[in-house]
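2 protein chains.
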Amino acid sequence: MQRLPRYYRCLRNMIGEDILRVSSEELAAQMGLSAAVVRQDFRCLGGMGQQGYGYNVKDLYTRVGELLGVATNYQMILVCSSDYDAAFAGHPLFLCRGTRLRAVFDLRAQSESTCGELPLYPIERLEAYCSENHPRIAALAVSYRDAPSIAARLEACGIDAIWNLSGARLQTSHAIVRDLNLLDSLLELTCLLHSAEDPSSD
Amino acid sequence: MQRLPRYYRCLRNMIGEDILRVSSEELAAQMGLSAAVVRQDFRCLGGMGQQGYGYNVKDLYTRVGELLGVATNYQMILVCSSDYDAAFAGHPLFLCRGTRLRAVFDLRAQSESTCGELPLYPIERLEAYCSENHPRIAALAVSYRDAPSIAARLEACGIDAIWNLSGARLQTSHAIVRDLNLLDSLLELTCLLHSAEDPSSD
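Read top to bottom, the protein sequences are chains F and D.
Okay, so the first sequence: first residue is 1 according to the working numbering, each after it adds one.
Okay, so the second sequence: first residue is 203 according to the working numbering, each after it adds one.
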């Protein structure tokens, strides 16, 4: 269900604020949904609410986390080709549940070094690393030109899911792909701003 | 139109590969759309294709860029509260057309310094800076707890568009908001992978 990650984040924030129970109306307000949709969503997850009490936040958080597979701690690698994207490895999001970033591969690297606390390898080491460590997920932060060939190598190495930050449109044989493009998101904002100022242009 | 940023990126990539003209079928394949949808989209933009020729890539790129407001070069500021998010200021995307990142405000900063080539200010300087420089867009990369109050200050300073990287749900009075959440995107991927492995959980 598309909304699970947002529920998960919303519930984690509530736990951080020591909120122990929540009504479908409160959760709906946080999520920008109607209470009916929230109730319907959680009925599908096994009906965790109690009439007149609402939902137990921690139970709900645990259940949503199970569905998201956060306890699985998928092993992840990052393939990048710039200092910015290597620095991405230090992002706090990789400390969150669900994935463990284990190694960085840099297309420019000539020899092994480190990236923060992680090992950093030349891309030539990809196949050997994967056959030893069996990572399941790869974050792909290379140029759109390099992305298709690297994605094919990742699939051949047994990677099952690619978090595609490259901007390229990937055709995979079996791997699940999820695209995230920062520039698209920023352009969507400027586009909204621009069309609000100059409605004739849209 | 929601697809404009992706068209823009796709066309820029083609220009980088010296592709001067493109058929609606080729563009559709790149975009993951049907050729009919592509033709319909560009008819709405003023019908730039020619029967038997296709589209002139540079003309189309220019037209899409106009609609996105890329020539406007909106002034942008970044408000952040961690080293990672400050490093974000160096992301190549801010070199792209459409916005110019001008200054960084760090909630933790006690005094003025620099962040790469940009000035970095304590958040207390926000109001003075904005009344002098009139930035239109703010990237908001603070914690979800700090985000609502900072967003309110940004609006009071005349910011018209907030690129919300905080994970908080923002209620603004007039500013346009576009949310981008890296963790949601990554969790969507692990959720897909997890449910592919254990269909009973979904």
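Hints in this document: simulated from the structure, not taken from any laboratory.
Note that the structure is predicted; figures quoted are calculated from it, not measured.
Honestly, I wouldn't trust all of these hints.
Unchecked claim - Footprint (simulated), chain F over chain D, 3 or more residues, beta carbon under 8 Å:
#: 1; stretch: 265-276
#: 2; stretch: 309-323
#: 3; stretch: 366-379
#: 4; stretch: 385-393
Ideal Cβ placement from N, Cα and C applies to all residues, glycine included.
Structure-based check of each hint:
no., hint, in the structure
1, 265-276, "holds (count 7)"
2, 309-323, "violated (count 0)"
3, 366-379, "holds (count 3)"
4, 385-393, "holds (count 9)"
In summary, the structure is inconsistent with hint 2 from the numbered list given earlier, while agreeing with all the others.
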